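Colleague: Letter by letter, the sequence shown follows residues 1262 to 1352 in the numbering used here.
Since the hints were made in silico from the structure, they are not lab data.
One thing to keep in mind: the hints can contain errors.
As the list claims (entries may be wrong) - Taking lysine to aspartate or glutamate pairs in the EDC-like style, the calculated list, with each CA pair at most 20 Å apart, reads: (1) Lys1275 x Glu1343; (2) Lys1328 x Asp1305; (3) Lys1328 x Asp1308; (4) Lys1322 x Asp1310; (5) Lys1322 x Asp1305; (6) Lys1328 x Asp1310; (7) Lys1298 x Glu1285; (8) Lys1298 x Glu1343; (9) Lys1319 x Asp1308; (10) Lys1319 x Glu1285; (11) Lys1322 x Asp1278.
Said to hold, decoys possible - Using C-beta positions, here's what the derived DEER-type ranges look like: (12) Phe1329 x Gly1280: 35 to 41 Å; (13) Thr1315 x Asn1346: 17 to 23 Å; (14) Ser1333 x Gly1280: 36 to 42 Å.
As the structure is a prediction and not an experimental result, all values here were calculated from the model.
All C-beta atoms, glycine included, are put in the ideal place defined by N, C-alpha and C.
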Amino acid sequence: MDKLRILDSDFQCKTHDNGLRQPEKVWITFLHAGWQKHWLPLTDWNDNDIFWSTDNVKIAKQIAHEKFGGASFGLSPCSQKEIGNACISNL
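When you get a sec, could you build the whole thing from the sequences and use the hints?
Modeller: Okay, here's the thing in structure tokens:
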């Protein structure tokens, strides 16, 4: 399996009112359980958070397939989760 990026300037970040930038986690929603309304943080096999980046998205999708089998799911960073938008799905 490809290696997740843990520290990288490629992470999509949310900028807070005080100017601090925070990397956005990958969140997962399921078609059968509150599609785009109910979200859970997606973690790797060691229960570490996965942060949204160009490289990590492909790996996150692979991990979701392995963990949740044939379930229909969508993935998003925090900012898109907050507006109910699954950016990537396996539908």
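Colleague: I'd like to know which numbered hints this structure contradicts. Please list them from smallest to largest.
Modeller: 11
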